[in-house]
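Protein sequences appear in the order of chains A and B.
FYI, in our numbering the residues of the first sequence are 2 to 91.
FYI, in our numbering the residues of the second sequence are 3 to 213.
Please keep in mind that the hints were generated in silico from the structure rather than gathered at the bench.
We treat Cβ as the ideally placed atom computed from N, Cα and C, and that holds for glycine.
Fair warning: there could be bad hints in the mix.
Listed next, the in silico DSBU-like pairs over lysine-lysine satisfying Cα-Cα at most 30 Å (straight line) [said to hold, decoys possible]:
#1 B:K113 to B:K60
#2 B:K93 to A:K60
#3 B:K120 to B:K60
#4 A:K64 to B:K91
#5 A:K60 to B:K120
Between beta-carbon pairs, the in silico distance windows are [said to hold, decoys possible]:
#6 A:R91 to B:G24: 36 to 42 Å
#7 B:F28 to A:Y31: 25 to 31 Å
#8 B:S62 to A:L42: 17 to 23 Å
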Amino acid sequence: MSQVVPQKVYLLVFATLMCLTLVTVDVAFYNFGILNLWVALAIATFKATIVVMYFMHVKYSSKLTWVFAISGIFWLAILFTLTMGDYLTR
Amino acid sequence: MSSQLAHHFEDMSQQREASSLGMWAFIVTEVMFFGAVFTAYGICRMMYPNAFGEASNKLSVLLGAVNTGVLICSSLTMALAVRSAQLNKTKSIIGFLIATMILGGAFLGIKVLEYSHKIHEHLIPGLDFVYEGVHAPQAEIFFSFYFVMTGLHALHMIIGIGIMVWLLVLAMRNRLTDQYYAPIEITGLYWHLVDIVWIFLFPLIYLIGRA
Chain A
2 MSQVVPQKVY LLVFATLMCL TLVTVDVAFY NFGILNLWVA LAIATFKATI
52 VVMYFMHVKY SSKLTWVFAI SGIFWLAILF TLTMGDYLTR
Chain B
3 MSSQLAHHFE DMSQQREASS LGMWAFIVTE VMFFGAVFTA YGICRMMYPN
53 AFGEASNKLS VLLGAVNTGV LICSSLTMAL AVRSAQLNKT KSIIGFLIAT
103 MILGGAFLGI KVLEYSHKIH EHLIPGLDFV YEGVHAPQAE IFFSFYFVMT
153 GLHALHMIIG IGIMVWLLVL AMRNRLTDQY YAPIEITGLY WHLVDIVWIF
203 LFPLIYLIGR A
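All chains should be built: construct the whole structure from the sequences, respecting the hints.
Right under this line is the structure:
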């Protein structure tokens with residue numbers, strides 16, 4: 002990554018992360034049943050995605066960096082899916 | 003040609019790409035490392051949803067949320083420190099690095115405060131665990147996860163702050179420039195990874211069973 006990201010972009014990502022932190026705290030106090038977990042995970046995943054894309058520069062990086070980053074998600078998915086596939090079907 | 007170019011690379015950008023890819027490979031192993039603990043947490047929470055929700059209510063949402071904010075601020079200052087290196091602004095690299103270290107230290111300070119509350123409340127699994135009600139054994143499992151997950155996270159932050167001391171020395175010696183900023187760039191990647199781990203930890207540990 003040799004491209005310099007504008008300061009405005011970092012500040013916008015920062016503001017979004019702060020707002021979503023307040024949202025995730027707020028929604029935790031409403032009872033949506035099982036949906037509470039999925040809402041919390043969806044917000045956290047979105048926050049993590051913008052951190053990876055902008056703070057970690059993946060959006061501006063080579064295709065090979067994308068492959069490395071996505072491989073992390075891929076292996077994590079195998080870990081979750083196979084383990085939960087066992088525990089959820091016992 | 004810069005003296006900071008190792009002989010086995012064609013040019014500075016190839017060298018930078020190689021260090022960044024190496025760091026990403028390490029980050030993937032870190033994702034798997036934390037992923038295993040998160041998976042174990044998921045299984046236990048699935049087995050004892052009520053006990054985990056009840057035990058989580060012993061934690062302070064306020065302190066957890068403040069710490070989330072502090073950590074996001076430190077990620078911003080870290081990103082700006084890397085940007086300063088890309089723009090050759092040595093003074094502002096030093097400023098943003100110090101800000102990041104202060105924010106990281108503040109996070110750890112709040113963490114110490116939380117841990118000391120738990121010690122006073124006798125919520126230390128295995129050593130001093132006193133818990134009222136039918137869910138006591140499962141609550142002890144929850145607090146084991148609490149200490150292991152936040153403890154591993156805090157250890158990563160301590161290591162990160164240690165690396166920043168070295169970066170400060172490099173910056174003060176004018177060794178970080180727009181031609182050579184890989185050390186601060188990959189430390190940034192590490193610091194943001196630690197932020198991401200907390201982004202998932204916070205709702206999963208602090209915000210369950212609140213409704």
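Structure-based check of each hint:
1. B:K113 to B:K60: 15 Å, holds
2. B:K93 to A:K60: 27 Å, holds
3. B:K120 to B:K60: 9 Å, holds
4. A:K64 to B:K91: At roughly 29 Å apart (the allowed maximum being 30 Å), K91 (chain B) and K64 (chain A) satisfy the hint.
5. A:K60 to B:K120: 41 Å, violated
6. A:R91 to B:G24: 36 to 42 Å: Cβ of R91 (chain A) to Cβ of G24 (chain B): about 40 Å, so the range 36 to 42 Å holds.
7. B:F28 to A:Y31: 25 to 31 Å: At roughly 39 Å between Cβ atoms, Y31 (chain A) and F28 (chain B) fall outside 25 to 31 Å, so the hint is violated.
8. B:S62 to A:L42: 17 to 23 Å: The hinted range 17 to 23 Å holds for S62 (chain B) and L42 (chain A), with Cβ atoms some 22 Å apart.
Comparing the model with each earlier hint shows violations of hints 5, 7; every other hint is respected.
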